[in-house]
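Visitor: Chains U and X, in that order, give the protein sequences.
Per UniProt numbering, the very first residue in the first sequence carries number 1; after that it's consecutive.
Per UniProt numbering, the very first residue in the second sequence carries number 1; after that it's consecutive.
Hint data in this document are derived by calculation from the structure and do not stem from the laboratory.
Careful, some of the hints might be misleading.
Below 30 Å or equal to it, Euclidean Cα-Cα: the simulated DSS-like pairs (lysine-lysine) are [unchecked claim]: (1) U:178 to U:3; (2) U:211 to X:211; (3) X:309 to U:211; (4) U:174 to U:309; (5) X:211 to X:309; (6) X:3 to U:309; (7) X:3 to X:178.
Far from chain U, some chain X residues (derived; all Cβ distances over 12 Å) [claimed, not checked]: (8) 57; (9) 178; (10) 352.
In this text, a Cβ means the ideal position worked out from N, Cα and C, and glycines have one as well.
There are 2 protein chains.
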Amino acid sequence: MLKIDPDRLLNDLGHLRTFGATGPGVVRLSLSPVDMDARRWLAGRLNDAGLSTTIDGVGTVFGRSRNAGPALLIGSHTDTQPTGGWLDGALGVIYGLEIARALAECEETRHFAVDVASWIDEEGTFSGFLGSRSFVGERVDEAIGSARNREGVLLSDALKQAGLAEAPRVRLEKARHKAYMEPHIEQGGRLEAHGKSIGVVTTIVGIRELKLRFIGQRNHAGTTPMSIRRDAGAALVAFIARMDEAFRQLADADTVWTVGRIDLDPGSFSVVPGAADMYLQFRDASAGRLRAMETALAALIRDFNAEGKVSVAMTDSEPPEEPVMMDAALQAHIAGAAEALAPGQWERMPSGASHDAQVIAHHVPACMLFVPSIGGVSHDFIEDTADAHIVLGCEVAAQAAADILRHLAGQSPR
Amino acid sequence: MLKIDPDRLLNDLGHLRTFGATGPGVVRLSLSPVDMDARRWLAGRLNDAGLSTTIDGVGTVFGRSRNAGPALLIGSHTDTQPTGGWLDGALGVIYGLEIARALAECEETRHFAVDVASWIDEEGTFSGFLGSRSFVGERVDEAIGSARNREGVLLSDALKQAGLAEAPRVRLEKARHKAYMEPHIEQGGRLEAHGKSIGVVTTIVGIRELKLRFIGQRNHAGTTPMSIRRDAGAALVAFIARMDEAFRQLADADTVWTVGRIDLDPGSFSVVPGAADMYLQFRDASAGRLRAMETALAALIRDFNAEGKVSVAMTDSEPPEEPVMMDAALQAHIAGAAEALAPGQWERMPSGASHDAQVIAHHVPACMLFVPSIGGVSHDFIEDTADAHIVLGCEVAAQAAADILRHLAGQSPR
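With the hints as extra help, turn the sequences into a complete structure.
Guide: Pasting the structure below:
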């Protein structure tokens with residue numbers, strides 16, 4: 001009978017937490033000395049678990065099972081946000097370590113191959129998803145030569161500093177890697193609000209990020225009557241109200257949009273703003289709805305400009321990220337394990353956050369499992385999850401992993 | 001017959017413009033080397049006009065007529081905004097110079113006393129209205145010991161650098177200074193919009209300046225459903241809409257309010273803002289209306305907080321500036337001169353901007369005269385006024401000055 005060891009799991013998570021510990025949180029930025037210490041510790045633990053482990057040429061820790069494939073790859077990341085929590089990323093990697101050990105300790109599953117990865121820089125300290133992108137064969141050398149962290153350090157220099165510049169890069173083995181699983185904390189409050197313990201991810205949402213600039217006329221705030229003002233800030237505020245209304249018409253319960261930043265120019269008490277910038281992001285699990293929101297936004301911009309007093313234009317946008325579906329068969333394995341171990345305590349849900357799984361899913365069938373975040377908080381020192389949820393999540397992931405590997409091996413699920 | 005010399009007036013304005021000329025605009029910050037050069041040039045011109053001239057211990061250039069009082073004091077400022085126009089302040093000072101010359105050249109008025117001032121730092125490079133405040137006897141030594149410019153230079157050090165630290169300070173002479181006149185560009189677009197050439201100022205508006213802080217909950221912009229968000233930025237936007245509606249109910253055509261700056265915290269695409277700051281200013285010529293707007297704002301804040309999701313509080317405010325009435329008899333002299341020289345081309349109006357006149361009016365009957373600003377623009381390099389308007393404004397100011405001095409001397413107006 002497959003059994004994880006809850007104490008060993010929690011101890012390893014607790015030990016990883018000590019690298020870069022800052023109050024209850026963690027500061028362990030990609031390729032920093034403390035991140036490299038954590039990577040070397042992790043490599044040691046994976047080696048102890050019997051995996052053949054390396055830290056590759058971009059910094060990814062990769063533990064390869066000594067068993068023949070087909071293999072299930074389990075991964076996430078051990079580096080953190082600038083003011084990160086202890087579980088964001090770390091949970092999935094240590095789940096992989098524990099699942100590899102648990103499978104090896106069980107007579108029926110000891111021949112299964114689980115490879116474990118801690119992908120470098122999911123959070124984008126230098127270049128987001130660097131490890132998973134490199135792994136699936138995307139070209140990353142340009143990013144390595146040009147990306148810098150907030151301190152201005154070049155990624156290529158950071159890799160040299162870490163002694164990795166000459167190390168080989170781990171690559172996806174198409175014949176071996178037949179499935180990818182990424183367990184993660186939810187980073188939102190839905191499971192908690194619904195009283196559930198496990199989330200089975202259906203889709204990683206798509207994202208649009210863009211900047212709108214309103215151009216009016218800078219003027220003296222005392223001498224310019226309201227009637228003749230062309231106040232770019234007031235126009236921005238009015239635009240947001242219309243946009244909210246338009247997006248509400250299109251949204252379902254999971255659609256989100258955020259104005260995260262507003263800059264008024266010149267930004268003083270006494271000057272009617274002549275220009276105003278608005279930073280807008282919206283996310284949805286449906287590619288069609290994202291396109292409908294883009295269309296609605298374009299119509300709003302057109303109408304606004306037709307009215308004339310203040311103009312608005314999109315001045316910048318990130319490349320669109322389309323929603324990524326999780327593999328249906330893999331979802332079913334997680335759902336089956338969840339129902340077996342925690343009947344009625346799980347639900348299907350989209351992931352509102354980005355994950356390495358969205359990179360890998362384009363090359364290998366992929367799935368994700370969520371455990372609840374207390375108060376829905378993440379990317380914050382106080383991010384946390386109840387021990388019982390951490391343990392249950394690992395039990396569900398382990399059982400799903402075994403089922404997936406049985407299925408890959410041509411066996412019927414237990 | 002009193003006659004100004006248009007060429008001399010425009011030449012002096014043009015020469016003053018060369019000090020700190022930057023494109024069409026001027027950068028001549030208080031007590032900077034170029035500002036001191038301009039002050040020394042001005043002192044020379046005032047001396048040439050027969051006035052006894054000094055640069056006083058705070059930097060004010062003061063030309064005192066050698067005639068006995070009662071005297072009309074004419075003043076404004078020759079220092080500028082960081083990116084200033086060539087007429088803001090300069091116009092009133094050079095009008096004073098030209099009027100002193102014109103009166104001296106006319107047999108009937110040569111015994112009249114016109115004193116001319118360029119008050120230091122109306123614009124607040126170090127400490128707003130420093131010159132006029134010092135002149136009327138307000139305590140300015142604390143400001144001199146503590147105020148700094150944007151480069152961090154202490155006002156007391158700047159005065160030392162300018163060689164003024166030991167110079168005596170010019171003070172109001174109650175027995176001599178019986179009226180104050182400050183000609184100025186309008187800095188708004190009303191005269192132009194109405195096709196008028198002269199504004200007779202009724203009131204310098206009162207000002208309220210305050211900062212509101214909205215506190216919500218910072219959260220992940222991807223994983224936090226709209227329904228449970230406590231978005232401080234969205235709350236701020238909603239608040240502005242309500243405030244606009246409330247203020248519109250109270251406003252007349254001259255009431256103005258401006259949200260000049262908005263800061264969302266932390267200010268990134270991916271984070272629901274947890275806090276938001278709004279910088280609000282409102283101005284009106286009526287003290288009662290300003291109080292009504294304050295009351296309405298307090299009620300909005302109370303109602304907003306009663307709804308609960310995001311709180312709002314006033315976190316900072318400047319001391320209120322109450323409206324300052326211009327002297328009715330002096331207004332009538334300007335109106336009379338305007339009607340004589342430009343029949344039907346003048347109107348009464350409040351000043352939406354602040355001026356040294358509001359400091360001096362508490363001690364001496366004061367008046368202001370406006371000429372049109374092209375496009376209503378000021379505090380900008382492109383600030384400008386048609387030569388014809390500059391000349392007409394000086395003619396009206398000169399005739400009003402003569403009428404005021406005749407009246408002060410107990411004579412009936414011409």
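Visitor: If any of the earlier hints don't hold here, list their numbers in rising order.
Guide: 4, 6 and 10
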